[in-house]
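Here the protein sequences line up with chains A and E, keeping their order. The working numbering puts the first residue of the first sequence at 1, with every later residue one more than the last. The working numbering puts the first residue of the second sequence at 1, with every later residue one more than the last.
Read the hints as simulated data drawn from the structure, not as lab findings. Note that CB positions come from ideal geometry on N, CA and C, so glycine has one too. Heads up, some of the hints might be wrong.
To give a feel for the contact side, a few chain E residues facing chain A, derived at Cβ under 8 angstroms [said to hold, decoys possible]:
id	residue
1	33
2	40
3	41
4	42
5	43
6	45
7	48
8	56
9	91
10	106
11	107
12	109
13	110
14	111
15	112
Restraint-style ranges between C-beta atoms, simulated for each label pair [to be verified]:
id	chain 1	residue 1	chain 2	residue 2	range
16	A	51	E	60	21 to 31 angstroms
17	A	16	E	44	31 to 41 angstroms
18	E	71	A	96	15 to 25 angstroms
19	E	41	A	70	22 to 32 angstroms
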Amino acid sequence: DQQVKQNSPSLSVQEGRISILNCDYTNSMFDYFLWYKKYPAEGPTFLISISSIKDKNEDGRFTVFLNKSAKHLSLHIVPSQPGDSAVYFCAANQAGTALIFGKGTTLSVSS
Amino acid sequence: DTGVSQDPRHKITKRGQNVTFRCDPISEHNRLYWYRQTLGQGPEFLTYFQNEAQLEKSRLLSDRFSAERPKGSFSTLEIQRTEQGDSAMYLCASSRLAGQAKSNYGYTFGSGTRLTVV
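Extracted from the complex, chain E is given alone in its bound form (with noise of 0.2 angstroms):
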């Protein structure tokens, strides 16, 4: 078991451009999430897949957003055409199917990736 790893560890774009981050999760984790963080904030969801299948996407995922996990196993978010408000931790967690192992129930994240919009 490696974790939860996330690349790149930050990212400093100038805004407008494209940015693209991928999360790895354990392999045995079906449950793959993504998570913004800003200054003095908690994580605030962004969407989340089951296996290949984006179940649920928040509110704060603007049409420039967009996650994908093809295949089940690694996922991708990518923002176009980036604002200095993108500015945030992006986290990424994973996790098995509530009632599976219910000592593992927590999400296990990743240490993120730092997007910088300047």
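Just chain A, with the same shape it has in the complex (with noise of 0.2 angstroms):
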């Protein structure tokens, strides 16, 4: 059973507009959600957090919002580079457990 759902592989934005990534959860038990970017032949790089108390964080061109009743949570990139291009997973926990990733989202900015 998939806790953390991301039904798009792909996304592909031209650069100085908006990519949207989004992400479903099921457990209702998450209480801390992240996004995590990755190049290839690397490992995942920490992008940007939200605590469940939370519906907004931004940090610089990174904004993530929560939607905790339809347990849904969208990553938003403004405005999109290509260097932004890379495979981006969605995480989440409970206080003290390990994290569960989604299946990642490739997005591809072209310029």
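Mind assembling these two chains? They're in different frames, but the hints should get you there.
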């Protein structure tokens, strides 16, 4: 049973436009949500996180939105840049337990 | 802070052989995690340590797999009698205890060890 789902395997966006990556989860006990970015031949890199007590967290060009009633979160990247092209993983956990990751969405930003 | 180091970066082994991977976490991080990633999948949790204690093991961690973290520093992951299905990227990550530094809550991953079983 996949507790964290990223239903879009890929997304293509033009440079300067907004990228929206989506993630759904099934476990209502999750209290922390994170996004990771991964380039080929490297490990995932932490990008941004949000606690379940918040509905938005912003860090520069990256904003994560959490809709607990819908069990849905999204990552917005504005403006998108070619260097943002990577695989993005959504992850979640309950306090003290290991992160559970989605399958990832490959973002391609064209110039 | 030199990050999380994993050794080797690549390992090719024949089916039935034993392999061992090493992970050196960030020195001030209490927790160390092992994940496995196969093509088209996200990282799948295998096990984690808090200091030297192994606190949780996934059902993915069959009896052919064993992990250790002696003295709460580096960790090793051993796979005995490797099978072709063990071919994957093995990722190690470390983190502070949750709540100690929320801005650093995210795990820091190493670059992984890519295992190919032929």
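Do the hints match the structure? See the list:
1. 33: Nearest chain A Cβ about 6 angstroms off; hint holds.
2. 40: holds, 7 angstroms
3. 41: holds, 6 angstroms
4. 42: holds, 4 angstroms
5. 43: holds, 5 angstroms
6. 45: holds, 5 angstroms
7. 48: Holds, about 5 angstroms.
8. 56: Holds, because the Cβ-Cβ distance from residue 56/E to chain A comes to roughly 6 angstroms (cut-off 8 angstroms).
9. 91: holds, 6 angstroms
10. 106: Holds: closest Cβ of chain A sits about 3 angstroms from residue 106/E, inside 8 angstroms.
11. 107: Hint on residue 107/E: holds, closest Cβ of chain A at ~7 angstroms, below 8 angstroms.
12. 109: Constraint on residue 109/E satisfied, holds at 3 angstroms.
13. 110: This interface hint holds because 5 angstroms falls under the 8 angstroms limit.
14. 111: holds, 5 angstroms
15. 112: It holds, given that the least Cβ distance between residue 112/E and chain A is near 5 angstroms, below 8 angstroms.
16. 51/A - 60/E: 21 to 31 angstroms: holds, 28 angstroms
17. 16/A - 44/E: 31 to 41 angstroms: holds, 35 angstroms
18. 71/E - 96/A: 15 to 25 angstroms: holds, 23 angstroms
19. 41/E - 70/A: 22 to 32 angstroms: holds, 25 angstroms
In terms of the numbered hints stated before, the structure departs from none.
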